[in-house]
Amino acid sequence: MADHPAPPVSGPLVTGSEIARLAGVTRAAVSNWRRRYEDFPAPAGGGANSPLFDLAAVQAWLDKQRKGQDVSAEVSLWQALRVAYGDEMIGGLADVAQLFAGGEGEAPETLPTDAVRLARQLGDSGSPGDVVSALTDRFTDSVRRAGSDQVTSPRVVRAVRHFAGEVSADATLFDPACGIGTLLLAVGPEFGPTRCGQEADARSARFAQLRADLTGRTGVAIRTGDSLRDDHWSDLKADLVVCDPPVGTTDWGREDLLLDSRWELGTPSRAEGELAWLQHAYAHTVPGGRVLMVMPASVAYRKAGRRIRAELVRRGLLTHVIALPPGTAASHALPVHLWHLRRPRSPDDATVKVRMVDLTANDPDDPLEPEPDQTADVPLIELLDDAVDLTPGRHVEESHRDYATEYRTLRQELVEQVSLLADLLPTLMEGGGASALEGPSVSVADLARAGLVEYGDPEPVSVSDQLDTDYLRGFLRSAANTRRSTSASGTYRLDGKGARIPQMDIVEQRRYGAAFRALQEFEERARRVVELSRQASALARDGLGNGALAPGD
Numbered sequence: 012m013a014d015h016p017a018p019p020v021s022g023p024l025v026t027g028s029e030i031a032r033l034a035g036v037t038r039a040a041v042s043n044w045r046r047r048y049e050d051f052p053a054p055a056g057g058g059a060n061s062p063l064f065d066l067a068a069v070q071a072w073l074d075k076q077r078k079g080q081d082v083s084a085e086v087s088l089w090q091a092l093r094v095a096y097g098d099e100m101i102g103g104l105a106d107v108a109q110l111f112a113g114g115e116g117e118a119p120e121t122l123p124t125d126a127v128r129l130a131r132q133l134g135d136s137g138s139p140g141d142v143v144s145a146l147t148d149r150f151t152d153s154v155r156r157a158g159s160d161q162v163t164s165p166r167v168v169r170a171v172r173h174f175a176g177e178v179s180a181d182a183t184l185f186d187p188a189c190g191i192g193t194l195l196l197a198v199g200p201e202f203g204p205t206r207c208g209q210e211a212d213a214r215s216a217r218f219a220q221l222r223a224d225l226t227g228r229t230g231v232a233i234r235t236g237d238s239l240r241d242d243h244w245s246d247l248k249a250d251l252v253v254c255d256p257p258v259g260t261t262d263w264g265r266e267d268l269l270l271d272s273r274w275e276l277g278t279p280s281r282a283e284g285e286l287a288w289l290q291h292a293y294a295h296t297v298p299g300g301r302v303l304m305v306m307p308a309s310v311a312y313r314k315a316g317r318r319i320r321a322e323l324v325r326r327g328l329l330t331h332v333i334a335l336p337p338g339t340a341a342s343h344a345l346p347v348h349l350w351h352l353r354r355p356r357s358p359d360d361a362t363v364k365v366r367m368v369d370l371t372a373n374d375p376d377d378p379l380e381p382e383p384d385q386t387a388d389v390p391l392i393e394l395l396d397d398a399v400d401l402t403p404g405r406h407v408e409e410s411h412r413d414y415a416t417e418y419r420t421l422r423q424e425l426v427e428q429v430s431l432l433a434d435l436l437p438t439l440m441e442g443g444g445a446s447a448l449e450g451p452s453v454s455v456a457d458l459a460r461a462g463l464v465e466y467g468d469p470e471p472v473s474v475s476d477q478l479d480t481d482y483l484r485g486f487l488r489s490a491a492n493t494r495r496s497t498s499a500s501g502t503y504r505l506d507g508k509g510a511r512i513p514q515m516d517i518v519e520q521r522r523y524g525a526a527f528r529a530l531q532e533f534e535e536r537a538r539r540v541v542e543l544s545r546q547a548s549a550l551a552r553d554g555l556g557n558g559a560l561a562p563g564d
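Read left to right, the sequence shown gives residues 12 to 564 (our numbering).
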């Protein structure tokens, strides 16, 4: 990389993607230019993974290399907004939308003159709705690359649309944390449904409403306020509620809402704000109405939410849990889940199974239709254990487990290991009665100083043909040395330096070493037999219980 320190700049800054748009090339081509050309402008801002470049310097370089194109009015408008609004770009987008909504009236005071001119120029040459949509796409792309949760990622939107399925044109849709309207405006047919939203951030709510109005969406109403603390749609019952709620926040209003009627599944703890949003969404459904909620994967198994998860399952409200591929969310590579709830029309209408879908092995841009081995229909009773773990991967793997083959393999290995176990136990005869360490002995420390032993990890090792390693290690584990290596608290730690071993010639050492080595192998195989026994008995018990295995003849 041939970047050099750049002087401070005061003009607009652009990303690598925006340079690619300017030049009509791919982002990879821009990365290649940065490596190949020493005079390519150095980053003037941003971070190592998302550098920003001075637009004027980039344009000059492109012109010099004859790689440039004329900067479009849309790019110029975007850059003017970035300079004026910085990290408050939603306010800039809302001001542009307000300018279009006001027609020839006065422009918002906070909108710079050059942005007003460029926006009017674009609006005159095309549709204001198209201009706002293009700016929204740029904003979504910029926050996605910055790793922000500010806007629902396009991949999450695609997943919600896919699993929402067909939505009727006369449906009522609701998003209680709608942001700039990303999910609310994307799900269902473009025209027809009644769409209601609420958003705590006033700028986002204003832009969401203006965006809907300018793109010709009728029946859209966005209100400003915190949905949990101040529900402006308390009487609304929707056919479909979609939501990508705030995550990881403990300040969701629990102390003020302890007796709220929305917590019919249980009052969430401070750490389980996502389950508060889930119940809020469910409270706004009609009988037969559905909820599609974007959830962090940890909500499926966290101990604090176990009671609410259990009630959700017990009442037959949860119909699907879909684990989306890593990389689907914008800000991290961790998987996110979609929880699908349905309000029963009657007590007999509740679900009796939960469909678990595990797409975590897929690429985030792969088709979203799961393969047969990526789904499992799990009876409610199987979910209601001590953990109430709703992680799809756990249940999908269990559902497609080949119990018969696995049990047969385990049993065969266990039989083989047991048959070999007795042969490994060495034949020993009666000794002289006195401890070998009561005769002439030598400390391991002296052997090390003489260059006969090196302290390996975890045990010393012989580096001389006059000392057998198995003999050395065998006596290190003898009762006398074990007592020497055990602390007053009962903790055992091998003390190679303080240990002593008897003095024997190499022939006798090898006889003892062979016996110690056989004992070591016996102990290792015995541990393997214990583990195989545990696995086989657990597998057999589960298989007999769930019908995957049956008693033999």
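Think of the hints as simulated: they come from the structure by calculation, not from any bench. Wrong hints could be hidden among the right ones.
[Unchecked claim] In silico EDC-like cross-links for lysine to aspartate or glutamate, where the CA-CA straight-line distance does not exceed 16 Å:
#1 Lys314 / Asp181
#2 Lys75 / Asp98
#3 Lys364 / Glu393
#4 Lys314 / Asp388
#5 Lys248 / Asp181
#6 Lys364 / Asp400
#7 Lys248 / Asp359
#8 Lys75 / Glu99
#9 Lys364 / Glu380
For each hint, the structure was consulted:
no.	hint	in the structure
1	Lys314 / Asp181	violated (40 Å)
2	Lys75 / Asp98	violated (32 Å)
3	Lys364 / Glu393	holds (9 Å)
4	Lys314 / Asp388	violated (23 Å)
5	Lys248 / Asp181	holds (14 Å)
6	Lys364 / Asp400	holds (15 Å)
7	Lys248 / Asp359	violated (21 Å)
8	Lys75 / Glu99	violated (34 Å)
9	Lys364 / Glu380	violated (19 Å)
Of the numbered hints listed earlier, those contradicted by the structure are 1, 2, 4, 7, 8 and 9.
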